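Undergrad: Sequence:
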Amino acid sequence: MAEADGKQGAGGAAGEWYWCLEHGKAEPAGHCRAEQQMGPYDSPEEAARWRERVEDRNEAWDAEDERWEGPGG
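When the count follows the working numbering, it moves up by one through the sequence shown with no breaks and lands on 73 for the last residue.
Hints are not guaranteed to be accurate.
Said to hold, decoys possible - Restraint-style ranges between C-beta atoms, simulated for each label pair:
#1 22 <-> 71: 32 to 42 Å
#2 69 <-> 44: 30 to 40 Å
#3 15 <-> 36: 13 to 23 Å
#4 53 <-> 33: 12 to 22 Å
#5 22 <-> 70: 32 to 42 Å
#6 43 <-> 70: 38 to 48 Å
#7 21 <-> 59: 17 to 27 Å
#8 71 <-> 14: 39 to 49 Å
#9 63 <-> 14: 29 to 39 Å
Unchecked claim - Taking lysine to any residue pairs in the SDA-like style, the calculated list, with each CA pair at most 20 Å apart, reads:
#10 25 <-> 48
#11 25 <-> 41
#12 25 <-> 40
#13 25 <-> 15
#14 25 <-> 14
#15 25 <-> 53
#16 25 <-> 42
#17 25 <-> 45
#18 25 <-> 44
#19 25 <-> 51
#20 25 <-> 46
#21 25 <-> 36
#22 25 <-> 49
#23 25 <-> 52
#24 25 <-> 50
#25 25 <-> 13
#26 25 <-> 55
#27 25 <-> 35
#28 25 <-> 54
#29 25 <-> 39
#30 25 <-> 43
#31 25 <-> 38
Calculated from the structure, these hints are not laboratory results. Fair warning: this is a prediction, and the values are worked out from it, not measured in the lab. Just so it is clear, CB atoms sit at the ideal spot from N, CA and C, and this is done for glycine as well.
All chains should be modelled from the sequences, with the hints used to inform the complete structure.
TA: Here is the structure:
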């Protein structure tokens, strides 16, 4: 199991942080199962903003799809 300071644990590199969907908080690499995590991120603060990053990416992908397929796709 990873240390609370973000040191390397099972399944992750030192300094990597993930948002745990099960626990609803930022956790160091290797703390929970991969299917329960969003990341990796460089810090707990970045991990806590996971939803914002996902929404931004989805909007960008939707805009690209519309550009590619045309309005009403």
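Undergrad: Hints first: check each against the structure and report whether it holds.
TA: Consistency of the hints with the structure:
| no. | hint | in the structure |
| --- | --- | --- |
| 1 | 22 <-> 71: 32 to 42 Å | 40 Å, holds |
| 2 | 69 <-> 44: 30 to 40 Å | 38 Å, holds |
| 3 | 15 <-> 36: 13 to 23 Å | 20 Å, holds |
| 4 | 53 <-> 33: 12 to 22 Å | 21 Å, holds |
| 5 | 22 <-> 70: 32 to 42 Å | 41 Å, holds |
| 6 | 43 <-> 70: 38 to 48 Å | 40 Å, holds |
| 7 | 21 <-> 59: 17 to 27 Å | 21 Å, holds |
| 8 | 71 <-> 14: 39 to 49 Å | 47 Å, holds |
| 9 | 63 <-> 14: 29 to 39 Å | 36 Å, holds |
| 10 | 25 <-> 48 | 7 Å, holds |
| 11 | 25 <-> 41 | 13 Å, holds |
| 12 | 25 <-> 40 | 13 Å, holds |
| 13 | 25 <-> 15 | 16 Å, holds |
| 14 | 25 <-> 14 | 18 Å, holds |
| 15 | 25 <-> 53 | 16 Å, holds |
| 16 | 25 <-> 42 | 15 Å, holds |
| 17 | 25 <-> 45 | 10 Å, holds |
| 18 | 25 <-> 44 | 9 Å, holds |
| 19 | 25 <-> 51 | 12 Å, holds |
| 20 | 25 <-> 46 | 11 Å, holds |
| 21 | 25 <-> 36 | 11 Å, holds |
| 22 | 25 <-> 49 | 10 Å, holds |
| 23 | 25 <-> 52 | 15 Å, holds |
| 24 | 25 <-> 50 | 10 Å, holds |
| 25 | 25 <-> 13 | 18 Å, holds |
| 26 | 25 <-> 55 | 18 Å, holds |
| 27 | 25 <-> 35 | 15 Å, holds |
| 28 | 25 <-> 54 | 16 Å, holds |
| 29 | 25 <-> 39 | 12 Å, holds |
| 30 | 25 <-> 43 | 12 Å, holds |
| 31 | 25 <-> 38 | 11 Å, holds |
Hint compliance for this structure: no hint is broken.
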